[in-house]
Amino acid sequence: MTDWEARVTRGTAPADRVDAELRYAVAAPLLRDAALWVDLGCGTGVAAGAALAAGGRPRARAVLVDHDAEALDVARQECGTEVAAVVHADLGTPAGAAAVRDALTELGGAGPAVVVTCLHVLHQLADFTALVELLLALGDDGAAVLVSVPDDAAGALDDPHRRSAWSAGAAEELRRLLPAGAVSLRQVAVRAGAIVPTGGGSVAVPLADVTIDAEAPAAAHLLAFGPGAERLAPAGLARAADLEAERGDARRRESDLAYLEARLAALEASSA
Amino acid sequence: MRVAFLVPALDQYGGVGVVMGHARRLRARHGIDAALVCTRADRSSGRYAEGIGDVPVLELDGARADRFDVAVATWWETTLHLHDVRADRYAYFVQSMEDRFYPAGAPEAAAAAMTHDLPVAMITEARWIARQLEALRSEAAGFRVHYVRNGIDKSVFSTPDAVAPNVDGPLRILVEGSPAVAFKGVGEALAAAAGMEMAHHVTLVCADRAAVGDAAAVAADEVVGPLSAAQMAALYARTDVVLKLSRVEGMAGPPLEGFHRGATCVTTPVTGHDEYIADGINALVTSWDDERGTARLLDLLARDRRLLHELRGAALRTARAWPSTDQSTAMMALALGRIAAAPSPDPTGAAAGMAADVRTTMQRHQAAQREHERLAARMRRVESLLSRGPLKVVRRAVAGRR
Numbered sequence: 001m002t003d004w005e006a007r008v009t010r011g012t013a014p015a016d017r018v019d020a021e022l023r024y025a026v027a028a029p030l031l032r033d034a035a036l037w038v039d040l041g042c043g044t045g046v047a048a049g050a051a052l053a054a055g056g057r058p059r060a061r062a063v064l065v066d067h068d069a070e071a072l073d074v075a076r077q078e079c080g081t082e083v084a085a086v087v088h089a090d091l092g093t094p095a096g097a098a099a100v101r102d103a104l105t106e107l108g109g110a111g112p113a114v115v116v117t118c119l120h121v122l123h124q125l126a127d128f129t130a131l132v133e134l135l136l137a138l139g140d141d142g143a144a145v146l147v148s149v150p151d152d153a154a155g156a157l158d159d160p161h162r163r164s165a166w167s168a169g170a171a172e173e174l175r176r177l178l179p180a181g182a183v184s185l186r187q188v189a190v191r192a193g194a195i196v197p198t199g200g201g202s203v204a205v206p207l208a209d210v211t212i213d214a215e216a217p218a219a220a221h222l223l224a225f226g227p228g229a230e231r232l233a234p235a236g237l238a239r240a241a242d243l244e245a246e247r248g249d250a251r252r253r254e255s256d257l258a259y260l261e262a263r264l265a266a267l268e269a270s271s272a
Numbered sequence: 001m002r003v004a005f006l007v008p009a010l011d012q013y014g015g016v017g018v019v020m021g022h023a024r025r026l027r028a029r030h031g032i033d034a035a036l037v038c039t040r041a042d043r044s045s046g047r048y049a050e051g052i053g054d055v056p057v058l059e060l061d062g063a064r065a066d067r068f069d070v071a072v073a074t075w076w077e078t079t080l081h082l083h084d085v086r087a088d089r090y091a092y093f094v095q096s097m098e099d100r101f102y103p104a105g106a107p108e109a110a111a112a113a114m115t116h117d118l119p120v121a122m123i124t125e126a127r128w129i130a131r132q133l134e135a136l137r138s139e140a141a142g143f144r145v146h147y148v149r150n151g152i153d154k155s156v157f158s159t160p161d162a163v164a165p166n167v168d169g170p171l172r173i174l175v176e177g178s179p180a181v182a183f184k185g186v187g188e189a190l191a192a193a194a195g196m197e198m199a200h201h202v203t204l205v206c207a208d209r210a211a212v213g214d215a216a217a218v219a220a221d222e223v224v225g226p227l228s229a230a231q232m233a234a235l236y237a238r239t240d241v242v243l244k245l246s247r248v249e250g251m252a253g254p255p256l257e258g259f260h261r262g263a264t265c266v267t268t269p270v271t272g273h274d275e276y277i278a279d280g281i282n283a284l285v286t287s288w289d290d291e292r293g294t295a296r297l298l299d300l301l302a303r304d305r306r307l308l309h310e311l312r313g314a315a316l317r318t319a320r321a322w323p324s325t326d327q328s329t330a331m332m333a334l335a336l337g338r339i340a341a342a343p344s345p346d347p348t349g350a351a352a353g354m355a356a357d358v359r360t361t362m363q364r365h366q367a368a369q370r371e372h373e374r375l376a377a378r379m380r381r382v383e384s385l386l387s388r389g390p391l392k393v394v395r396r397a398v399a400g401r402r
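Protein sequence lines, in the order shown, are assigned to chains F and S.
Residues in the first sequence are numbered from 1 upward in steps of one, following the working numbering.
Residues in the second sequence are numbered from 1 upward in steps of one, following the working numbering.
Calculated from the structure, these hints are not laboratory results.
Fair warning: there could be bad hints in the mix.
Computed list of lysine to aspartate or glutamate pairs in DMTMM-like fashion (alpha-carbon distance at most 20 angstroms, straight line) [unchecked claim]:
{"id": "1", "chain 1": "S", "residue 1": "K154", "chain 2": "F", "residue 2": "D158"}
{"id": "2", "chain 1": "S", "residue 1": "K154", "chain 2": "S", "residue 2": "E275"}
{"id": "3", "chain 1": "S", "residue 1": "K154", "chain 2": "S", "residue 2": "D326"}
{"id": "4", "chain 1": "S", "residue 1": "K154", "chain 2": "F", "residue 2": "D159"}
{"id": "5", "chain 1": "S", "residue 1": "K154", "chain 2": "F", "residue 2": "D127"}
A few chain F residues that don't get close to chain S, going by computed Cβ distances all over 12 angstroms [unchecked claim]:
{"id": "6", "residue": "R17"}
{"id": "7", "residue": "G49"}
{"id": "8", "residue": "A98"}
{"id": "9", "residue": "A180"}
Using N, Cα and C, we set each Cβ at its ideal position, and we do this for glycine too.
Taking the hints into account, I'd like the entire structure generated from these sequences.
In structure tokens, the structure reads:
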């Protein structure tokens, strides 16, 4: 069950973590060759760190950008690479976008050796014009840019952090703003399971190639442009699910909710 | 950034309301100095004028003295004046392939079609239009049309959390449009509803009440209009199905407004329906000219209330994923920014398209002229016969020819 957290943390439901890690895993080939990686709306860096750990520490130094100072502190430790700069900025504002430009200027400016990721951020902004203009400007300066948005029809309508509507249509609107040669990708859901011997140690299970139908509905839309965008290849990611932990999380949420509702009722009664 | 939107008049022409909304919100939220330029001297101050806010409205003569970053034509006739306005970049907001509004062979149809070849930046509201406009250019030109969907005012067409199932009672059908506009298919829609076997209630919404003839008035249980947006929203909320049998649409706004209020739709596969309609998921798509088939689809919804409710629920979810007017204008602001920053489009592909259109139009005109000359020659023969004397003589002459 999706928790609709604004940021992926170590406590995020495994299925959501896999989805977030996969988006960074797609960008990993570009990050390994880049000198600088700008992660706009980086959150805690947990998903990025997990995705990058699989292929060894990337060469790129990170510029981490978020409007949550606590998340940035965590991201410094978790993002999986050396941190060049941390920018505390609201990307929904022109001032926030300018702060990113300023930080990049200090580091030598955007260019072909810079990769920008902006994953699942746009939908959290009611007005995304400043951020899209920033992405376009960084692209115009020569950076490679990867941006993703969730698809409302795939369940994102229920996300309490959603401030704007995103769908295949909205992704197409965005694509048509991008330079020629922009690459469109879609993230689709894959169900997997495994059968292993009872007892004994850990077992590696080979997962067969999965054929994704052309009409398979998108859970998210990804757009990439700039140098190397054409290198973004189909990718998949599987992690063993910890059902015990998931059930524990669900129990905790239910009990927390019941407790808080009772507490609220008690407070309302006492203040009446 | 200074932007001039050319409109024919402050009235309901070619989506003027959409343009006015963009202009107002571009000024209020995006720091863009947007103005409207009326290209017709006899501009009316129609009902849209009241929603114009602080948007400056210029006459064409006044605009000529000004200078803009981007000048945007918004209806094919306004392209005829586009370059009268001084601007660094020129664009065309295409809300439909407007040649289709005229009968085949009408001079306006050819002229409207040719405006689609203009070597200016293009913005449109529907993917089918974007694809057609791009297909008019050669692939080598790399021409790309900006895509900005028409947003819905969510404060008026607000989405309820859920729709209440209509488990019994007549199927509530809404037909919108003027019976006088043939391509709206209002007559066909009323006929299809009349062909139903199950109980139903038809509401015809028509702003032009004079256009509602006796037949239409009889076919509908209720005729209303003109209605304000708020009144339309209230009516949609009392509707199960919007019946839309149009032959020409840009993206067909009324069913989408209905979706926002929990109504599903039965529609022809009219251009633009694929922007938000998925057959069997949130609506039912009927065939062209299939009055009986459409009636049977409506009967199906009247009979199978579980299906009706499923479609209405899905329509509501589709509506929630549709952009608001604010989000739509944010995309418009970004598109205008890209147009202003980019060089003017390469005219090569456009010029080739325009040359082809000129040739086609010329050939059509030549064919019409030949036909005219042939008929004129026949007329001359008839007149010659008539001039010879009484009708009897003429009859004999004609009989002799047989």
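Here is how each hint holds up against the structure:
no. : hint            : result
1   : S:K154 / F:D158 : 17 angstroms, holds
2   : S:K154 / S:E275 : 18 angstroms, holds
3   : S:K154 / S:D326 : 9 angstroms, holds
4   : S:K154 / F:D159 : 18 angstroms, holds
5   : S:K154 / F:D127 : 15 angstroms, holds
6   : R17             : 25 angstroms, holds
7   : G49             : 32 angstroms, holds
8   : A98             : 14 angstroms, holds
9   : A180            : 5 angstroms, violated
Checked against the numbered hints given earlier, this structure breaks only hint 9.
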